[in-house]
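**Student:** Chain by chain, the residues:
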Amino acid sequence: MTLLAALFSHYRRHPLQLLALATMIVLATMLWSGVHHLTSQARASLDQSESAVAERQQVERKDGERVTVADFVELRRQGLCVMPWLEVSSPEGGRVVGVDPLAAGCFESPDSEETPWRGELEGRPFVDISEAADLAREQTGQLSLLMSDAHSARDLPSAYRLAPFRVGPDTGELGDSFLLNLDALGVLVLLITALLVRSVYLLGMAQRRDSFALLHRFGVSRARINRLLVFEIMLLALVCILPGIWLGRWLANGLGTGFGRALEGLFDQPLYAGQDGGWLMPLATMLAVVLVACLADFLRPLARRLPGDGQRYGVLLALILMGGIAMSVWVSTLIWLFVAVAVVFVAAGTLAPMLISRLADWRAGSDKDPLSRWRHRELSVLARRLALPLVALQFAMAMVLAVQALVTTFESTFDRWLAQRLEADFYIEVPQSVDLTPAMDWLSEQPELAASGLWHRVVRGRATLPGESNEAGTKVDVFALGPIGPLVTGWQLFESTARPWQSLQQGHGVMVNEQLARRQGVTTGQSLTVELGSQELELPVLGIYPDYGRPAGEILLNVSVLPPDFIPSFQSLSISPGDLTIETVTRRLKEIWRVEELTVRDNRAIEDLASAIFDQTFLLTRAMTTLTLILAAIALLMMGWVFFSTRAWYFRLLVVWGLSRRQASGQLIRLSVSLTSAIALLALPMGIWLTWVLVHRINPLAFGWSLPMAIYPGFWFELGVLSLLIGLSIALLMSRQLRSPASVPGNANALAGGER
Amino acid sequence: MVDSLLSARGLNKQFRSGNEPVPVLTDLSLHLERGESLALTGRSGSGKSTLLNILCGLEHPDSGRVQVLGETFDSRAPQTGNRVEARWGNLRRQQIGVVFQEANLMPALSLLDNVRLRARLAGHDDDGCQDWLERLGIGELADRFPDQVSGGQRQRAALAMVFAMKPALILADEPTGSLDRHTAEAVIGQLFDLQARHGCGLILATHDPELATRCSQHLDLGHLPEN
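Residue numbers (the working numbering), protein chains in the order written: chain V, 1 to 756; chain E, 1001 to 1227.
Each hint can be trusted.
Derived DEER-like restraints, expressed as beta-carbon distance ranges:
hint : chain 1 : residue 1 : chain 2 : residue 2 : range
1    : V       : D367      : E       : G1070     : 32 to 42 Å
2    : V       : L728      : E       : K1166     : 32 to 42 Å
3    : E       : T1213     : V       : R739      : 32 to 42 Å
4    : V       : D367      : E       : D1147     : 16 to 26 Å
5    : V       : D367      : E       : H1198     : 24 to 34 Å
6    : E       : P1023     : V       : A284      : 54 to 64 Å
7    : V       : S372      : E       : K1166     : 17 to 27 Å
8    : V       : S9        : E       : T1213     : 41 to 51 Å
9    : E       : H1198     : V       : R224      : 52 to 62 Å
10   : E       : R1043     : V       : A284      : 57 to 67 Å
11   : E       : P1023     : V       : G720      : 48 to 58 Å
12   : V       : S9        : E       : N1019     : 26 to 36 Å
Simulated from the structure, these hints should not be mistaken for lab results. Just so you know, even glycine gets a beta-carbon here, dropped at the ideal spot from N, CA and C.
Turn these sequences into a full structure, and let the hints guide you.
**Tutor:** So, in structure tokens, the structure goes:
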């Protein structure tokens, strides 16, 4: 028999152990590469989307009429680079954009090898303009003429002007928030899977240590044994990681369909195509993780790292834990916050099994009943022997708790916030260069609207908060409303002065969003200097309002405060017409403004769409965390199975001493349920802390807005039930071992389960 | 027969090796009175442990009848498995002490706690437990854990556990098989001494012919069965 065969004979005798290790590597790879694949796809898709919806310029007629094919021909004859962009509602839902690839050719930059439109205009919804034109005969279509950035307004004939053109809303920051969450999830999943692989590997190693000692006595050097072990785990890792990556991509593509739909809704384009990602990165990462997880002890033996006195070590860990928590409260940068999170995880993870073991020993010491004393001593041994899968389960439970709380809070907060923002039933875009005064007068005169007050004008633009002396000012968004009525006065405010809406109506102040308040340290009551157009105004801050999903600072004020030279980027009318009907309103507004068409948006449809997007997005996050939890539970189940098989004799001994198998199984159930309940209890404060970190620290630091901190005892109950189920599953699996006569352990040392 | 402790009639037991049946016990009978001892000898695999397991209800014969301490277990009697197991459980808990070659103790409990646990399961209080350890010469080791004492001391603790339950019958499966000769003699001497003093029955499975001669009866299960 060769040395290699002698070394690997362990797995011939324990094929289940090899299977468990291989399964764990495959599942761990699947889970992590799934998250990684999904994150990469999401990042690529969001980049693509942002690029596609980046602001461009379009040509408009100065007389307010819509551009036509005749305008396109006229401009092309003038030698201008113009491309037609025809948007038509698709009969299958969504929209189709017809473009002319020949006309797009002139958008090509002479300095660049890439055509700016090439990547973005491939596949649905982009079609040839002739196809869109056919559709436009049956559906309503809108033609825009996009102009190359190489031209300026001076190049245009006098009847035309340039205006900004956007394909969709700018949601890049929201995407960043989502990606950061996915990245954080990926790191946690990697940590948990590394723990699980290590736990399964170490168990096998403990049982093989005798064989290694024997080989060493036969003259084989330790270095050679170690080299063979590295070879063994590398071979196993390579064999298992590849199918794991394939499964991960399969998982990601399955879940990505939902995410694709979310993106489609978000950007109004099916951009999540599920492109083929690379194999090298996940392969290298998982190989490194498996090698480090399995062979870390070769690099630095654990025994040398730990101080001799267990109690002193525990105190040290408790101090590190408290230091990490304190750090998470005080640090002001994301990097240090992540360091604090890592410190807390490491310390809490090391402390948890130790704490359970100590508590069990303490209970055993005070037990009068010898059987109960034995059970608590066994619990102590189990907590130490199953430390790694237990900690992995604790982390997974804490993560699920935090993600569930975050997602649920976000959903409820976002829904409420969105409902406030979209209080009016419709909004009507105000065409460029029309006079708003007669329209406002007409709306004010309508008795239905006067009674309800459910309408207002919205003006958006930019303002500057002047900086100190030489510093450049801070650009902020302007959100001006008038009149201030019931559409906004029900908004939830974080803080406010007395009667804030009345003051706003009178133009006596300004409100700021949470992002601006945090960034500039603005509080209610103080004065804010704002440059609006050519004027610099000093306005008291009346309140701070929540504004989720983007980091930009924003001020809310009355339209009447805006100076005449303020240039709006966008204007609209928000309105709930009631008995007046939206048809009556739009007909009259068309007459007043002398335009043929008006863009009217149904806010209820927008609200439904936005809710659907977030439902899909969070479904994805929930699915990944739940899968991680399932994996951790399976790992504990497997480890419990392997470890209990080494302890089965002692339960069998109880049967020899006269307990029935049912009674022995009862002891087993109490033991395993105590263990999983204890770890669930320890996961609880960790989960709450993690929720707090996500809600109150990471989100404000990364994006400038925070969510209310809500805890959901319902989730705690679910977690308790879950831990009960895991404990029961372990016990039921192990009870099967009690049915057949167990053999006496070969030797009563730690390797064969004789540990105390 | 007032003093009859144990009798077995026509016990048969076979295992399977692949598809082949391997008979281990064939039409075996034995009888033991109170205060008597019986040595079971035979080569490894001859069925000594299987017979001991059958005599304490940990395994069941394919056919045959066991009568022990007034309870009768007949393979032909129509009884539910749970009921049979409960009757055997009661006997093992209160009257039949079993000693294996090793691993008789719970590793997570001290020697004294092991003895207390066994006494408590048998329905006795744990007042005399320390005494039993003293009588077996390991009183000063009462608070040590099994992995902190020698193999001989562990087997003495196992005997203390058995005697603390005040058994009527002791089944010992090569109790000194893993000990050196000197320690083995000391431990076995204590076993016979206490068995005689307390008048309980003893069935001892052993490879040692000399040891077998010290028992009042000797049953040789012989060589390995065919196949």
